[in-house]
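Chains as they are written, first to last, in my numbering: chain F, 1 to 346; chain G, 1 to 280.
Errors might be hidden in some of the hints.
Stated by the list, open to error - Within a straight-line C-alpha distance of at most 20 Å, the following computed DMTMM-like cross-link-like pairs (lysine to aspartate or glutamate) qualify:
id, chain 1, residue 1, chain 2, residue 2
1, F, 264, F, 323
2, F, 89, G, 176
3, F, 89, F, 218
4, F, 141, F, 218
5, F, 264, F, 248
6, F, 85, G, 176
7, F, 89, F, 10
8, G, 170, F, 101
9, F, 85, F, 124
Don't read these hints as lab results, they were simulated from the structure.
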Amino acid sequence: MQSPDAPLLEIRGLEVTFAAARGRLEAIRGVDLEARSGETLGLVGESGCGKSVTMLAVMGLLPPSVQIRGSIRFRGMELAGRPQKELAKLRGASIGMIFQDPMTALNPVLTIGAQIAEAIRIHDATVSARVAAGRAVDMLKLVTIPYPERRALQYPHELSGGMRQRAMIAMAMANEPELLIADEPTTALDVTVQAQIIELLRRLQATHRMGLVLISHDLGIVAGSADRVAIMYAGRIVERGAVEDIFDRPRHPYTRGLLASLPKIDGQATRLTAIEGSPPSLTARPSGCAFHPRCRHAVELCAAQEPALRDIAGIDVACHRAELVADSVAAPSATAELPSRPNATA
Amino acid sequence: MAETASPRPTFVRPRWATAPVTAGAFLVLFWVGVALTVQWWPIDNPVAFVGTRLAPPSVTHWLGTDALGRDVVSRTLHGAQYSLPVALAVIVSAVAIGATLGAISGFLGGLADSAVMRLVDITLSFPAIMLAMAVTASLGPGLWHAAIAMIIVSWPNYARLMRAQVLAVKEREHVEAAVAAGASAPRTLIAHILPLCWSPILVNATMDFGQVVLLVASLSFIGLGASPPTPEWGQMISEGAQKFYQWWIAFGPGMAILSVALGFNFLGDGLRDILDPRTQ
């Protein structure tokens, strides 16, 4: 047995390298992460920063040609380099995964009930087909799908997007996993449905004491449901800590930029600030800190040396100028130059 | 005033049920029906000498008699009992072999893929009829030897088709989701990939059916398939070809081959329209 406070999932020094025609592409360059039981970890970043690749590496779902280095421990058991056969026993049983697009992530030629029942029977062949079908209906009830008996007999195309995502969650929850990985579970859904799905995930996480890894590029969703947050940029973690610390006082310029680009319901209505430029491609990563070409605080050191994660007042930040960034007033240059809104001058 | 346009219940014809498809379905049904029931029809014995030799079409022998005085209509109808089962056996075996190898090849990739695809390339590099002739000749003439030859020449198409389908379907997200749910490799292939791969195979098999009937007849025509006195269509045409002025001897089996091939082609077209959402 492991000690009770040991993390459920512990990733240390994870590096993922894709072999490409023009050399090797480093998708993940040293990621350290932890997810604990009964806790939600928000993994945030722009498209292509490596959020999903990190979690696919955990699940062992990356193609065999991909090189994975570092350690991935689940309940203290090393997953990296474990044969697919053993990983398959964990997948769907101890670690569940929810995909982004419920349109495409369900098998179009099987009924919802059959797919959930299959997920159960894959891991426990002693369950009869009849019992599994009954449990599938129970799972649909658990994810608050109305008329679960009828829905179980329907095909994915007969359900709405939100309903399908609930069915996906039911499938992932069928074996009561200890860790649930949700890869942008609400991106493909309407805003009103998004809230319902997030609420459902929160409820399931609380009642089942699961660890939940919520991958998202939506800071709003993460702020509302995560306990801890890790911000990723260009294959590394740039900031990591408790959700309230990071949202109150972000220390990495990238996190600040992300937060400044969100509209606020309180406070004064200012123009939204965008982070200039776009994330670097895998083939042309800047020297030093990968964010420095887009960073307003960048100095020479930033282009020369890649900053390591360091602890500043309880938050891990990878920035040479973190102290200065945290003390600076929110986005000075961006707001100062903008004309004030008409109704403010009137 | 009584309503002028009373809503009458009308049969709404599905979009795919065009005239050729319907005709094809009827032709196929007719010949399948003939093959299944012809032995109980009140017609002449196909191998008995029932009339004058080389008699022209008449009331008693609608398509006349052949060089040995056998009824051409009866022989033509009985021919369905040879051509259709042979074609069915060929198609089923070729699909079974081709689809299995193609699915494994597409799913596993790597060495298995290369091996299967090179085998396919080699087989396809010979003209089908030549290869079929060579194989039949080396096995010795006979309807079932011809069938084996045709299986050998027709499985590669199904292997290619299946491989392409599997390659496309295995990249879909629901397959990844199945793997993420813990499904083993064989289970992923059988339950989550293959059920989405069948439609082009089915369409092609239907179309090939007519081709195989034609090929069986061709092999029999050159003396590599059925041997006399079997009322096999190619064999009958071969006999008729020697009697230039007695056109009716080859006419019966000729029309039979034509209508079976046409029927299956039309039916295949219709199936494609039903199964392939892109053509709608």
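Quiz item: For which of the previously enumerated hints does the structure constitute a violation, in increasing order of number?
Solution: 1, 3, 4
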